[in-house]
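> So you can see what is in the structure, the chains are spelled out below.
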Amino acid sequence: MKSIDFYNQYKRVRRASKRRSIQLIISLSFTIVSILSMAFITMAFYTTYINTARETAIENNKQVIDQMSWTLNSYLRNMMGVSNSMYYGVIKNMDLTSDTMNKEMDILYEANKDDLISIACISQDGALISAAPISTRKSGVDFTEQEWFTSTEEKIENFHFSKPHVQNMFEGSNYRYYWVVSLSRSVDLNYMGYARRGILLVDMNYSAIEQMFSRVNEKGSGYVYLIDGDGEIIYHPKQKAISGGLMQENNIAAAEYDDGGHMENFEGSERAVVVKTIGYTGWKIVSVVPASELSAPYNQLRAFMMIIVTVTIFLIVFGNIIISKIVTDPIRQLEASLKSIEEGSLEAQKVYIGGSHEIRHLGRTIRSLVVQMRDLMDERVKEQKEKRKSELNALQAQINPHFLYNTLDSVIWMIESEKYPEAISMITSLATLFRISLSKGNNIITIKDEITHARNYLAIQKVRYKNKFDANIDIDPAIEDCVTIKLIIQPLIENAIYHAVGDLDDEGIIDIKGYEKDGDIFIEVRDNGMGIPPDVLENLLKEKSQSKGKGSGIGLWNINQRINLYFKNDYGLKLESELDEGTVAIIHLPKMTMEEYLGGEGNAK
Amino acid sequence: MQNKENRKWIILFFLAVGVLLLIEASIYMRYGNKGKEPFRIAFVVDSEASDAYENMKSGAANAAMDSNCIIDFVDSSKEKQVEADEKIIVENDKVTYSKGELKVDNESMVSELGDRILKETGCPKILLVSSGNQEKYAEIIDIFSSFFEEAGCESEYRPLSTDEKKLRQSMYNLEQSGLFDCFIALDGPSIEAACEAKDRINRRIYVYGVDNSSESVYHLDSGGLEALAYRDEYSMGYIAVRQLLKDKDINKEAEERNFYYIADRKTMYSADLEKVLFPFVK
Numbered sequence: 019m020k021s022i023d024f025y026n027q028y029k030r031v032r033r034a035s036k037r038r039s040i041q042l043i044i045s046l047s048f049t050i051v052s053i054l055s056m057a058f059i060t061m062a063f064y065t066t067y068i069n070t071a072r073e074t075a076i077e078n079n080k081q082v083i084d085q086m087s088w089t090l091n092s093y094l095r096n097m098m099g100v101s102n103s104m105y106y107g108v109i110k111n112m113d114l115t116s117d118t119m120n121k122e123m124d125i126l127y128e129a130n131k132d133d134l135i136s137i138a139c140i141s142q143d144g145a146l147i148s149a150a151p152i153s154t155r156k157s158g159v160d161f162t163e164q165e166w167f168t169s170t171e172e173k174i175e176n177f178h179f180s181k182p183h184v185q186n187m188f189e190g191s192n193y194r195y196y197w198v199v200s201l202s203r204s205v206d207l208n209y210m211g212y213a214r215r216g217i218l219l220v221d222m223n224y225s226a227i228e229q230m231f232s233r234v235n236e237k238g239s240g241y242v243y244l245i246d247g248d249g250e251i252i253y254h255p256k257q258k259a260i261s262g263g264l265m266q267e268n269n270i271a272a273a274e275y276d277d278g279g280h281m282e283n284f285e286g287s288e289r290a291v292v293v294k295t296i297g298y299t300g301w302k303i304v305s306v307v308p309a310s311e312l313s314a315p316y317n318q319l320r321a322f323m324m325i326i327v328t329v330t331i332f333l334i335v336f337g338n339i340i341i342s343k344i345v346t347d348p349i350r351q352l353e354a355s356l357k358s359i360e361e362g363s364l365e366a367q368k369v370y371i372g373g374s375h376e377i378r379h380l381g382r383t384i385r386s387l388v389v390q391m392r393d394l395m396d397e398r399v400k401e402q403k404e405k406r407k408s409e410l411n412a413l414q415a416q417i418n419p420h421f422l423y424n425t426l427d428s429v430i431w432m433i434e435s436e437k438y439p440e441a442i443s444m445i446t447s448l449a450t451l452f453r454i455s456l457s458k459g460n461n462i463i464t465i466k467d468e469i470t471h472a473r474n475y476l477a478i479q480k481v482r483y484k485n486k487f488d489a490n491i492d493i494d495p496a497i498e499d500c501v502t503i504k505l506i507i508q509p510l511i512e513n514a515i516y517h518a519v520g521d522l523d524d525e526g527i528i529d530i531k532g533y534e535k536d537g538d539i540f541i542e543v544r545d546n547g548m549g550i551p552p553d554v555l556e557n558l559l560k561e562k563s564q565s566k567g568k569g570s571g572i573g574l575w576n577i578n579q580r581i582n583l584y585f586k587n588d589y590g591l592k593l594e595s596e597l598d599e600g601t602v603a604i605i606h607l608p609k610m611t612m613e614e615y616l617g618g619e620g621n622a623k
Numbered sequence: 002m003q004n005k006e007n008r009k010w011i012i013l014f015f016l017a018v019g020v021l022l023l024i025e026a027s028i029y030m031r032y033g034n035k036g037k038e039p040f041r042i043a044f045v046v047d048s049e050a051s052d053a054y055e056n057m058k059s060g061a062a063n064a065a066m067d068s069n070c071i072i073d074f075v076d077s078s079k080e081k082q083v084e085a086d087e088k089i090i091v092e093n094d095k096v097t098y099s100k101g102e103l104k105v106d107n108e109s110m111v112s113e114l115g116d117r118i119l120k121e122t123g124c125p126k127i128l129l130v131s132s133g134n135q136e137k138y139a140e141i142i143d144i145f146s147s148f149f150e151e152a153g154c155e156s157e158y159r160p161l162s163t164d165e166k167k168l169r170q171s172m173y174n175l176e177q178s179g180l181f182d183c184f185i186a187l188d189g190p191s192i193e194a195a196c197e198a199k200d201r202i203n204r205r206i207y208v209y210g211v212d213n214s215s216e217s218v219y220h221l222d223s224g225g226l227e228a229l230a231y232r233d234e235y236s237m238g239y240i241a242v243r244q245l246l247k248d249k250d251i252n253k254e255a256e257e258r259n260f261y262y263i264a265d266r267k268t269m270y271s272a273d274l275e276k277v278l279f280p281f282v283k
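Residue numbers (our numbering), protein chains in the order written: chain A, 19 to 623; chain B, 2 to 283.
These are calculated hints, taken from the structure and not from any lab test.
Fair warning: there could be bad hints in the mix.
Said to hold, decoys possible - For lysine-lysine, the following DSSO-like pairs were computed, each having C-alpha atoms within a straight-line distance of at most 30 angstroms:
no., chain 1, residue 1, chain 2, residue 2
1, B, LYS267, A, LYS156
2, A, LYS237, B, LYS58
3, A, LYS437, A, LYS486
Just chain B, same shape as in the assembly (with noise of 0.2 angstroms):
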């Protein structure tokens, strides 16, 4: 009687160890796995050109170097074909993904660069222009011609040709009419068309840029532009790759961030802005 229940137990117990190392080999192989698949973030952009987002390439890479994390970034018109655990949309100056949105605080970039524009140019008559009628420009070219309202000046936007040759033409015309003293470029083309005509001109002309291209800084440096709006797109990237990640305290900077900087030519040298402005050479 007492052997058969001794035999029970030992039964028992063998079966118990061996449930046990069946759920620890288990959790050993899936311990042992763990990690081995990488996360894949895609960024989803509306450009195909491939110097486009290079800061916020730069940022995401950044964001994913400690973690076992692949970052692509891919044309929407791609986007179906991309397989990524989370997907990034990027469009028009705007971040859109699983955990929210980080978007240039347009309104503060508008206003910020508008009270400069106002106190350096004391211009009554302010040209916007862009190369093309583009939409993604709506939204701004109706804040900055709200601000100017506001101020008591006037404003006024101009699409422009995409034709490169055209676009410099009309930036010559625009400039010599002397209709308008003080422009805003909002593209890189029209940044460049103006600059060029500036040069042309022997008259007072201020131009000043929003856009994110090196050729942007250059004309900023060779005294082209007064000021550059340089929207902070290593930040965008950065963010929404730790937030992805989990990194919980990177939360108050995406929260805090207006994601833009206004460059100048004294400034643009400085210790925050040449990081910025001039990403490091390869």
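Bound conformation, chain A alone (with noise of 0.2 angstroms):
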């Protein structure tokens, strides 16, 4: 299994984190600042957006909860009320050696049976005195271990309000049993004008209670449970539950809360309590709302606001890629221009100018250095050029002494021997050779200049030669008007002499041939020599780095140098040979006139 090199993937990851883009950095660098911006506001707002809407609830919440307070708190009055009629209304106007209280009793129980189930008045000693609705205590009770009796007994001047309780004291008529919560008081009982201490009891109809908080727990989210002091529940919803353990219940550390709004972590869950003390019984409300259901009316803004931010993401990094795009295309299109510089493209016309002020003024002026550089470098090819063809053409233009001297000592030769025709006619071609080659100092001159240059050359060579060879020109005359670098066929014509048909013993042939082909012109020097070997013909156009005496080819390469020089590199010389057959020499030039020539036309044929 091949494994992961993290070394290396590191290292290419640096590697290609240095060379991001500047759209990469600007479009990163923005949708990062853009979202972590967005995330901040949209936070904040949705947090208090939440804490609003859910301070919002657990203020309803505490309305709910007083108004509750004030139901029950009122129903506790009324027990406490039916206990106060009974106690100062009856029982401390009473002797209970000659009256009975059952009358009284009956009456108040009748005025408030929805709300209690039995008022029963007992001595100290745990004895029934009278209860209402008039009932037995049932078999093997004792009122004195009943825990409203013992609470009373330890604090006689309060009222006691017990848990709630089934009531098991008297015997029913039916298999009906009740939920109670006994409201005990100790009170006076008079007999015969002595006060012995007896127990007034109130059974409340938990029922009474179980209602008032059902009504409130059937709607809306979260629930309501009552706890005594000490966080007993007195009414759950799930009080069944809770005391069966299948469920648990914060009522214990609700108990130390005070009146208000808390925040608590209850089994893994976050839940708001109101709490609201019912002033005497010290009991408790406790409303209880999971933060999950607070925030459930808003799940919809959620979703919404979730749609909304990614919507707005996604606008933000389209938006940061379309104008990190806009700004860096300009700056990356001059990086292209810059890389074709680079490459050798000195075309002004392809540096892009767009883009912003700053870009267009960058490329404007890089635009402007490109055509100074392409000046610069025109001008110094122009200068190198006109250089070379200065050397050249001093080089051409050097007269082999030897000729000079053969020549004139051939003039000498032919006036002492009294030839003077002959000798005019030699120093006659000799004044015109001159003539042509000095042209008043022009490079260019016609064919025709050139043919009769070759002419009076060879003129004089076949003097010098005495007739070994002849010589035959055969030029169009339609090409006689175009031009031609001066003193380009004599050297050849020279090289067909010196080299071929010069040293011949039959009668040597040099055919010169001008004509038009395809809009150039050719001009051919044809010999009929001993030819030249291949290897020898491959390096003679070749450039030499010193001349080697003669036969080393410098005046061949000069020609093709200079016809190069002067037009392009489609023109020039060219050598085909072969060997006991000869060797021909083909000049390729423009086609063009004089005047053609002087328009400036010569480079761009």
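Starting from the two chains in their separate frames, assemble the complex, guided by the hints.
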């Protein structure tokens, strides 16, 4: 299995990160900044909104709890009122040795029987003095062992509210059992002017309390429960599940809470708790709403916000990409232009100018630099070319001293032999030769002049070589007025004489032919000499570092170079040769008249 | 060329935004509608009596209270007409549903009640009675028989009449006969008949009951019953619904509970048993 080279991967990522483009940097940094800002604003907005919503929900809960508290308080006060009426209105004014309180107790019971189960008066030793509705004590029940009895005995000056319990003191006529909350108080019983302590018990109907809470719990989210001061549950919608250990409630902690709103974390979930204490009893109404339910009505808002945020992020990312692209595209195009300049293209028009003001200015500056650079380079090339031309022309213009010496020697010989006409003719030819050689310093002459020069040269050489060879010149008259570089045919004739026909035993022939072909001019110098070996022929037009004497080929290379310099590289000199057959040198020139050349078409052709 | 490419990007962008909005709108719609449809759970019970399984209904309703869940109790004859997301079959002290089953641990209940009977009565012969020969008692009768046999006692089961008058007379005759001093009544009617007969007879009779009715609790309170085995239907209903509502915390309770209580006159008003035996009145 191929293991991953994390170090190399890391290095690659580092390298890639260093090559990051300007567009990436712009879009990435803008995107990060935008998203972070938006996330912050959204979170701030959302948190504020949700907190406000939660506070509103808690405030609503507080109002519900206040209402509950008021209802429960009035119920309890009513029950205490029953107890007070019974005590202060009946028991206090009664001598129990002669009177009974059954009638008054029944009236009070009947008036409040929806809210209470029974009223009873019990003596301190646990004897039932009176009860409404009239009932008998259940066998085996000892009132003194009841929780309400003992707590009343402990604090005789107070009202006592018991925990909810099943009333099990009286014999019932049916199978019904009632859940009650016992309200007990210590009372003074009058027996012939002697006060004895007893207990007045009002068993409140627990279902009245249950109904109060059930109504609230049926609507809205969360639930409300009731605890006593110790946190013992008096009412809870899931009281049985809690007592059966099927669920837990945070009632003990809630007993410690002050009135008002609280946030608590119970069994891993956050809950909003509102507590309200019922004045006299110390009971606390506790409203619980899970935090998730508080924000439940805002789930759609959250979904909506998520959509807005997602779309906005998408817009930001896309917008950043587009903007960074718009900003960086001109820079990239300018970079491409610079790259093409770096690769050698100095076309100023191709330098990109666009984008913002700064980049356009940069582009214009670069274009201006390219123009300057190209002008400088052209100038430099031109200078070099001219220098080269001058050098080559100077080289070409050199008259072989041997040729001049031999020619003059021949003239002297003719004069001594009194061959004046021949001498005159030769001197005339020599004079013409020099005149054309000079050509007023022009390097470009007509083919006609160049041929004249060649003719004169041939005339001189024929005398010198005593007509050992014959020369034919056949020039198409149509090309005679076309231009050529001066002194390019004569060196070829010279080569043909020196290296081919000059030493032949048979009569040598030099054919000079000029014609037009495919819009160009071709001038051939053909001899019937021994020909040139291919290996020699191959190197004849190559540049030599220095002359190696007769037949080194500098003359041929010079001709070729000069044609290339004056015209294009398409033109020049070509050599063809076959051993024992002869050699032909072909000059290839553009066809143009002197006017055309002077009109600047020289290099265009 | 550049403009063309930019236009392509912009078209792509709007297409992407459109697709994104469509997806999110559908999520938004679904999210908005989510929770409106309540989860329905049907308890299919084997009794048509309106007060049957009262505690189970209370447990189920309590369990469903915080959730968007509707609980229905239907008689097994109407099972096919019920449309519900989940069905809970209640049969023979057993609750069966897709997450498993909850069952009263009869072995443990018989063992606990049997031990108490042997300890309190020392009777060598014990009679098990029920009103009618119902199959649903078969298992518990077998367990009682095995238990008493292992304990060296003699036990017998007698199915009595379902007719109230005949049942009372039979119970009276059985208690009067002196053949048995200890009775285990397996249902409400037989408990009532046994307790009434006990009141009329002037000798020590021990009556124990296995039932969930408030009448049986009354007989326990009034001294007719020595002890009552009370099935914890509330917890069964509560746990079943919580499990179906995917409350994982309740699974431990489901595994550990025996789903019964044994109450006697001394303990019936204790904090633990009071809320079990005396459901809150409305």
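> Which numbered hints are broken by the structure, listed smallest first?
none
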